[in-house]
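The whole structure should be built from the sequences, with the hints applied where relevant.
4 protein chains.
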Amino acid sequence: MKAWQQRLHEIIYEADTPAGKAFDVLLIAAILLSVAAVTFESVDQIRQQFGTYFRILEWFFTVLFTVEYILRLLAVQRPSKYIFSFFGIIDLLALLPNYLSIFFFGTQSLLVVRSFRLLRIFRVFKMGSYLRQAKVLQDALVASRQKVVVFLVGVLATVFTVGALMHLIEGDKSGFTNIPVSVYWAIVTMTTVGYGDIAPQTPLGQAFASVLMILGYGVLAVPTGIMSVEIARASISTSTQACPSCTKQGHEQDAIFCKYCGSPL
Amino acid sequence: MKAWQQRLHEIIYEADTPAGKAFDVLLIAAILLSVAAVTFESVDQIRQQFGTYFRILEWFFTVLFTVEYILRLLAVQRPSKYIFSFFGIIDLLALLPNYLSIFFFGTQSLLVVRSFRLLRIFRVFKMGSYLRQAKVLQDALVASRQKVVVFLVGVLATVFTVGALMHLIEGDKSGFTNIPVSVYWAIVTMTTVGYGDIAPQTPLGQAFASVLMILGYGVLAVPTGIMSVEIARASISTSTQACPSCTKQGHEQDAIFCKYCGSPL
Amino acid sequence: MKAWQQRLHEIIYEADTPAGKAFDVLLIAAILLSVAAVTFESVDQIRQQFGTYFRILEWFFTVLFTVEYILRLLAVQRPSKYIFSFFGIIDLLALLPNYLSIFFFGTQSLLVVRSFRLLRIFRVFKMGSYLRQAKVLQDALVASRQKVVVFLVGVLATVFTVGALMHLIEGDKSGFTNIPVSVYWAIVTMTTVGYGDIAPQTPLGQAFASVLMILGYGVLAVPTGIMSVEIARASISTSTQACPSCTKQGHEQDAIFCKYCGSPL
Amino acid sequence: MKAWQQRLHEIIYEADTPAGKAFDVLLIAAILLSVAAVTFESVDQIRQQFGTYFRILEWFFTVLFTVEYILRLLAVQRPSKYIFSFFGIIDLLALLPNYLSIFFFGTQSLLVVRSFRLLRIFRVFKMGSYLRQAKVLQDALVASRQKVVVFLVGVLATVFTVGALMHLIEGDKSGFTNIPVSVYWAIVTMTTVGYGDIAPQTPLGQAFASVLMILGYGVLAVPTGIMSVEIARASISTSTQACPSCTKQGHEQDAIFCKYCGSPL
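Protein chains in written order, with this note's numbering: chain A, 969 to 1233; chain B, 969 to 1233; chain C, 969 to 1233; chain D, 969 to 1233.
Be aware that one or more of the hints could be misleading.
So the derived label-pair ranges between C-beta atoms look like this [what the hints assert, rightly or not]:
1) A:1018 to D:1124: 22 to 32 Å
2) C:1013 to D:1027: 55 to 65 Å
3) B:1032 to C:1172: 41 to 51 Å
4) A:997 to C:1172: 20 to 30 Å
5) A:1014 to D:1117: 41 to 51 Å
6) A:1046 to C:1143: 30 to 40 Å
Simulated from the structure, these hints should not be mistaken for lab results. Quick reminder that beta carbons are idealized off the backbone N, C-alpha and C, glycines included.
What follows is the structure, given as structure tokens:
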């Protein structure tokens, strides 16, 4: 890696040097300003008065972030590794809307996806420990993904069946005009959001809805239980004690012997 | 078991051979298509234009699944074991609505119960581990059933008593016209769904409803706590393996040595 | 205790003998019927047609349960112990409404408090294990009571402060007419029930409400966490292993030495 | 510290002596009465009839609490330590509104922040154990703060992006007039509050909202899992006591002997 590439990498990707830190602070500020600009521009009164200024500001940021994206590509040895990473995709999606809006009116609103870039904010502050905590959450999410998928398929099958039943029971008058809308109602109810734009009117429908609500209320316990268990596991096994014989980590706090090789800890 | 029976069993019930895998993929596709057909057919505009095509499609699927059901019965030595299993009942309920709709208009909507057949989807993918995770959830549900029943009786008694009290306090004007409707309101509120179609208007009613909401909000913790504990237990001790040396159980799935005495498991 | 007292106690309080079991089954049936009667009687159409029959039925049950209450008093050596127990108070409250309704119209609705008597239902079924599970839940509730009280005082202080702030910000137009009503809105929102009968209209109010919602959404985690921990503790320490030396129970599953007396388990 | 300072400190800050206990009881009573006064005064009917009396009452309490604040400052050696503590800030905020209301009409409503002073209530009752439990909750909150911050940034980025998307999809007709309001809707929905004042009308919007609801419903599990784990940890290891023989920690509060090696703690 050439020298200028190494220097660029230091500034952009790491926050150890003063230049690196300053880059990150400016980046965060730019992201926050650009998201605020898009947000305020969407309010009619503000757009009518200051519309042009906001559009100029947004193009300024888009050009700025495009230059930054190109610099990121140049500062790594394998650009494809960055392009397909979580942050790489977010950064690309954060650039597109403004270019799209030349063709499609209004899509510049999507610029707010830039707010996901704020997850970089932790490189400015006590980087190490925030990122370690984020990793704990990430490990927990990944470890529980299979149980979550099983759970989701069950939930989807339930809301479809319940939606269809309510469509049969309530019919058009209460708003249950077809199955898709009834499924929407079932999701609104089972997640306990409960807008009230559609609500059962017939006694049978209300009785059936009651069963669904108590079910949803109890079923909420399942993903919570899954997540709690996984976060607990991820938290406990970040204990950095490594077995002296086999150097493996991930022992429980009260283990006396290494469960991987049998040596005493 | 005769040879053709064994071959049939391999294809339908198992997914080890290419034929078995192909059967499962086609089955999933057929289920998804048939559920989509029923869902779209329920939308008025679509039904008016394409109604006939959808009905033909649904009958095609019903015949297909009936043939599949018969094949399943033929491919096992004890058909009753399949008929009364969880999947057996789902498969039967997935067939009935279309036959019923010859007599009762509209019941073909219930065909969406076919979506529960999608739980078979895990035989196509990493079968083993998804099914193991599903078993963990299932064990947790079964192990907690007694606590859940105690909890449910308590909740039912509460919503009945609260509903009757609100019927007394609020009376007809706010919509609390009788006890069944007031109980419905109590369930809608305690599960925090909160449609707003019925809401207390009098200060006393609102005060009482506030107590119910804080109660429901805290009581939600109970089934969640129950489920978390059971999922944790089911996850950790799905291995009933006891250490040969010290006979202790409770080893994690990835343990190779007993953490209590160091002997190999 | 006299012989007839003992026989009476066997039938009423215990479910070991056929007579005891029969008594409990009849009792459950009577409770269910009487709650159903009160519930249906509250529906206008039904009351107009069958009102008189229902009132006769309710008086029949009230007399029946009064006789049962007197029998319970006679069947124990210390009646006061029953009168002030959980079930004793429930049973008394289940009798009063009908007598009150001679003076106050409509209070017979409160007869549904009889539904709490359904908690006796577990004496008919697998008594032992349901009651043990109920005891686990009860122990968990009792053990967590102090944390719950601290939590509740914090929640009440929060909803009062937030309610007053919203009353200041929103004023009369959005329905935040005075502090009590604003506090009611704060509870409806923080518990995520969200009727929508009162909702903030001003941007500042909506921003402030957003903060409250995210807070309530996260704060819900606190009682859940408390309950999960206590249920876990109550579940684990019902392990019936008693220390051979000091006979104390409540050891964790992986304890090797008794934590009370130091002897090996 | 002079003698009168010591005596004052005993009365105000501690509750060991009869005078100290009496002071606390009177303080709690005064706080409750003053919060009740502000609450009732906000109701129009009551203010019209008794307005003057309430204002006099509030000024009485404000003077009383100002005197108490000054006494607290005098009773400690380093006043700044009290001024910047949690309770010190609460006590100051509890005094300001009435003084502010000379300039700004209506701000006396903020007097309800005095209700936070009710957290002192635990010094009157079984002080030790309630404060220990409160410390457990406080430790849990502090220990989880980093995970909570990571979680919050993720939630904020999500509601902004979803809000902007819905603003694009639904447009003005359904109430999604600009991004700030759409973000407000996203928060109302993701926290499952669901007022219903704004709700998606287009099929695409409803489909997208459904995904958000299931997401929010599952994401609720994350802070709950975090809190549960931290409360569990804080409960078990509030004793930092290490076993003198084997130096292991993690003993429960009621352990007398080390569960790992049997030695007395």
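Do the hints match the structure? See the list:
1. A:1018 to D:1124: 22 to 32 Å: holds (25 Å)
2. C:1013 to D:1027: 55 to 65 Å: About 58 Å separates the Cβ atoms of residue 1013 of chain C and residue 1027 of chain D, which means 55 to 65 Å holds.
3. B:1032 to C:1172: 41 to 51 Å: Cβ of residue 1032 of chain B to Cβ of residue 1172 of chain C: about 60 Å, so the range 41 to 51 Å is violated.
4. A:997 to C:1172: 20 to 30 Å: Taking Cβ atoms as reference, residue 997 of chain A and residue 1172 of chain C lie about 25 Å apart, which means the hint holds.
5. A:1014 to D:1117: 41 to 51 Å: Taking Cβ atoms as reference, residue 1014 of chain A and residue 1117 of chain D lie about 30 Å apart, which means the hint is violated.
6. A:1046 to C:1143: 30 to 40 Å: For residue 1143 of chain C against residue 1046 of chain A, whose Cβ atoms are near 59 Å apart, the range 30 to 40 Å is violated.
When held up to the earlier numbered hints, the structure conflicts with 3, 5, 6 and fits the remainder.
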